[in-house]
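Asks: The primary structure of each chain is shown beneath.
Number of protein chains: 2
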Amino acid sequence: MDSKQTEISTLGEFGLIERLTKDFPINNKTTKLGVGDDAAILDYSELKSLVTTDLLLEGVHFDLRYVPLKHLGYKAAIVNFSDVYAMNGIPQQITVSLGISSRFTLEHIEEFYSGVKLACEIYGVDLVGGDTSASMTGLIISITCIGAAKEENIVLRSGAKESDLICVSGDLGAAYMGLQLLERENRVAADQTDFQPQFAGKEYILERQLKPEARRDIVEMLHANGIKPTSMIDVSDGLSSELLHICKSSNVGCRVYEEKIPIDYQTAIMAEEMNMNLYTAAMNGGEDYELLFTVPLTMHDQVKKIKGVSVIGYITKPELGAALVSNDGKEFELQAQGWNAFKP
Amino acid sequence: MDSKQTEISTLGEFGLIERLTKDFPINNKTTKLGVGDDAAILDYSELKSLVTTDLLLEGVHFDLRYVPLKHLGYKAAIVNFSDVYAMNGIPQQITVSLGISSRFTLEHIEEFYSGVKLACEIYGVDLVGGDTSASMTGLIISITCIGAAKEENIVLRSGAKESDLICVSGDLGAAYMGLQLLERENRVAADQTDFQPQFAGKEYILERQLKPEARRDIVEMLHANGIKPTSMIDVSDGLSSELLHICKSSNVGCRVYEEKIPIDYQTAIMAEEMNMNLYTAAMNGGEDYELLFTVPLTMHDQVKKIKGVSVIGYITKPELGAALVSNDGKEFELQAQGWNAFKP
Chain A
0 MDSKQTEIST
10 LGEFGLIERL
20 TKDFPINNKT
30 TKLGVGDDAA
40 ILDYSELKSL
50 VTTDLLLEGV
60 HFDLRYVPLK
70 HLGYKAAIVN
80 FSDVYAMNGI
90 PQQITVSLGI
100 SSRFTLEHIE
110 EFYSGVKLAC
120 EIYGVDLVGG
130 DTSASMTGLI
140 ISITCIGAAK
150 EENIVLRSGA
160 KESDLICVSG
170 DLGAAYMGLQ
180 LLERENRVAA
190 DQTDFQPQFA
200 GKEYILERQL
210 KPEARRDIVE
220 MLHANGIKPT
230 SMIDVSDGLS
240 SELLHICKSS
250 NVGCRVYEEK
260 IPIDYQTAIM
270 AEEMNMNLYT
280 AAMNGGEDYE
290 LLFTVPLTMH
300 DQVKKIKGVS
310 VIGYITKPEL
320 GAALVSNDGK
330 EFELQAQGWN
340 AFKP
Chain B
0 MDSKQTEIST
10 LGEFGLIERL
20 TKDFPINNKT
30 TKLGVGDDAA
40 ILDYSELKSL
50 VTTDLLLEGV
60 HFDLRYVPLK
70 HLGYKAAIVN
80 FSDVYAMNGI
90 PQQITVSLGI
100 SSRFTLEHIE
110 EFYSGVKLAC
120 EIYGVDLVGG
130 DTSASMTGLI
140 ISITCIGAAK
150 EENIVLRSGA
160 KESDLICVSG
170 DLGAAYMGLQ
180 LLERENRVAA
190 DQTDFQPQFA
200 GKEYILERQL
210 KPEARRDIVE
220 MLHANGIKPT
230 SMIDVSDGLS
240 SELLHICKSS
250 NVGCRVYEEK
260 IPIDYQTAIM
270 AEEMNMNLYT
280 AAMNGGEDYE
290 LLFTVPLTMH
300 DQVKKIKGVS
310 VIGYITKPEL
320 GAALVSNDGK
330 EFELQAQGWN
340 AFKP
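Top line first, the protein sequences correspond to chains A and B. For what it's worth, numbering that gives the first Met the number 0 labels the leading residue of the first sequence as 0, then goes sequentially. For what it's worth, numbering that gives the first Met the number 0 labels the leading residue of the second sequence as 0, then goes sequentially.
Treat the hints with care, since some could be wrong.
Which copy is meant is left open, because identical chains are indistinguishable; a pair holds if it fits in one copy or across any two.
[What the hints assert, rightly or not] SDA-like, lysine to any residue: derived pairs with alpha carbons at most 25 Å apart: (1) Lys69 to Met135; (2) Lys316 to Gly35; (3) Lys28 to Asn152; (4) Lys28 to Ser248; (5) Lys31 to Ile226; (6) Lys21 to Ser157; (7) Lys31 to Ser248.
Honestly, the hints are just simulated from the structure, not real lab data.
Please model the complete structure; the sequences and the hints are all you need to start from.
Replies: In structure tokens, the structure reads:
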């Protein structure tokens with residue numbers, strides 16, 4: 000171990016928490032008391048609170064051979080913020096729990112927290128608690144995020160109606176192709192000494208994988224334009240999977256058009272290079288953290304004006320099922336081929 | 000694998016969550032929407048919310064060779080409820096995230112959830128979310144609990160004043176001695192075939208380890224008797240460690256008396272049997288989930304009337320430090336010898 004590195008056992012659990020959390024300011028009026036007692040105290044007197052939680056495991060959700068710890072901390076926070084935005088709410092507080100195996104030093108964990116801190120600063124979220132423990136194997140991250148919303152603004156998955164337009168922010172499949180690239184370069188690196196990975200011209204897909212953003216801007220623009228979606232979800236497991244969630248919760252069907260799916264050119268080039276089907280990446284890749292939402296047909300003109308939003312299809316009667324319409328007009332039933340952590 | 004057991008991969012993540020959470024009712028008015036969207040929706044309009052979280056890892060916090068999964072689920076919920084009671088609040092919602100390695104079947108995880116459900120029923124708490132994932136090794140449990148309190152009722156660690164009485168509920172050290180017993184019988188079992196563990200007359204210490212309760216009754220009795228503690232914390236890491244937390248947060252010292260520490264006779268017998276120091280178990284054992292609190296000296300008579308509460312000492316000026324006074328009148332400085340998960 001590098002001699003400048005600090006073994007975590009020298010601090011103990013309470014010393015570690017104190018050290019990691021001391022530089023986090025309190026931003027929100029809803030935070031009455033943060034880290035340091037048995038529980039944090041929150042004040043949501045005029046608002047509803049939204050609660051979401053995510054578990055991220057080394058070797059299952061991330062690979063530290065090519066994910067820097069600071070990026071991991073940033074992303075771990077972002078994926079939770081994204082769930083709150085997907086309810087049309089504003090993230091306010093997070094708790095961060097870590098299981099830490101003995102190969103990590105204090106400096107490693109501080110790197111991780113610096114990413115959490117950056118995400119909290121940018122999105123105006125307060126760290127209010129957490130837990131730390133030794134772990135037998137690898138890094139374990141559990142984050143819970145609490146958000147705020149006026150009751151009348153909350154958007155569920157269950158409100159989509161027949162003839163609603165289906166919209167998605169940003170573009171899809173880039174994070175997945177970024178992951179393919181990282182895994183390929185990592186395989187090559189394992190075989191060669193003095194290996195330099197080839198990332199030029201692929202910055203966008205790498206950033207989408209390593210440092211995704213949550214779409215606060217879309218939530219704000221929808222609000223500023225007086226648009227309240229009828230349903231909304233964030234794209235974490237792939238567009239197909241999320242469309243099926245909306246269809247099931249809302250008891251509707253849908254048609255989305257292959258030609259309307261927004262895809263960045265770097266994603267397309269990478270899929271070509273790796274001989275992979277581009278639409279499989281876009282429909283099932285996941286980790287996009289874009290917002291998928293529906294609006295009444297009458298809002299077509301308003302929603303088209305919002306930069307970075309694509310209209311990709313429409314909601315149908317439930318009997319019609321959920322399908323992708325290919326460029327040659329054929330219909331393919333949507334399958335949730337999103338990531339299943341339990342598949343061997 | 001038993002042919003009646005169901006591999007989790009056959010359900011996938013969403014199928015698993017649906018299966019596990021379908022029998023949980025909603026109990027609380029503060030729960031507007033539970034499991035099934037990107038986030039749960041809570042309404043804390045007239046109350047403050049309290050948030051606490053715990054991470055429990057197989058091989059670090061529990062050993063499934065002698066902890067039944069149902070008990071584990073119960074305990075995992077209880078330890079979080081206990082943190083909310085320690086703020087003088089009422090637990091309302093929990094989220095349960097699980098990392099599950101391939102040796103667990105659906106039926107195993109349902110066992111765990113049946114324990115969570117029992118705890119939720121008894122304590123009137125709603126399950127509102129969670130996350131599940133495959134894990135590379137063992138079972139990972141992350142629970143977040145949200146509680147409710149009127150602002151004026153919340154009790155922090157930081158309010159203890161000089162001359163306050165130090166009180167603790169129940170008795171201490173039993174859960175620790177129960178763990179020693181389980182570990183001993185497990186070691187013996189490993190060496191023998193047809194081994195029957197010897198648990199007769201030791202039911203209480205086993206129950207304290209395997210199925211602890213959170214002290215809702217104490218919070219209710221304090222309230223009914225018009226007593227608001229000046230500080231409070233739950234005893235999870237051992238009395239010494241918790242006293243030091245109160246002293247540090249409140250900037251005070253304390254004296255507690257060895258002869259006043261409440262200890263059950265089964266705890267004492269087991270310590271004798273295992274040739275261990277009884278007061279080390281009581282002061283540093285941990286996992287008692289009793290409430291440690293301070294009240295003004297003037298409340299002595301009221302607090303003595305509450306069944307199951309012992310007055311064990313008093314708060315001093317900070318200069319006097321924190322000490323245990325032994326039966327022969329010697330003072331021993333309190334050390335936080337509570338459990339440090341990071342010690343190799």
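Asks: From the Cα coordinates, with 25 Å as the cut-off, is the pair lysine 21 and serine 157 best called within, between, both, or neither?
Replies: Result: close only across copies, 18 Å inter versus 41 Å intra.
Asks: If the cutoff is 25 Å on CA atoms, where do lysine 31 and isoleucine 226 land: within, between, both or neither? Let me know, please.
Replies: between (32 Å within a copy, 23 Å between copies)
Asks: Taking 25 Å as the upper bound on the Cα-Cα distance, should lysine 69 and methionine 135 be classified as within, between, both, or neither?
Replies: Classified as both: same-chain Cα gap 22 Å, cross-chain 23 Å, threshold 25 Å.
Asks: Indicate which option fits the pair lysine 316, glycine 35 if close means a Cα-Cα distance not exceeding 25 Å: within, between, both or neither.
Replies: Only across copies: lysine 316 and glycine 35 sit 22 Å apart there, 52 Å inside one copy, limit 25 Å.
Asks: From the Cα coordinates, with 25 Å as the cut-off, is the pair lysine 28 and asparagine 152 best called within, between, both, or neither?
Replies: both (19 Å within a copy, 20 Å between copies)
Asks: From the Cα coordinates, with 25 Å as the cut-off, is the pair lysine 31 and serine 248 best called within, between, both, or neither?
Replies: For lysine 31 and serine 248, only the inter-copy Cα distance (17 Å) is at most 25 Å; the intra-copy one is 35 Å.
Asks: Since the copies are identical, ignore which copy is meant and state whether lysine 28 and serine 248 lie within 25 Å (CA to CA) inside a copy, between copies, both or neither.
Replies: between (33 Å within a copy, 23 Å between copies)
Checked against the numbered hints given earlier, the structure satisfies every one of them.
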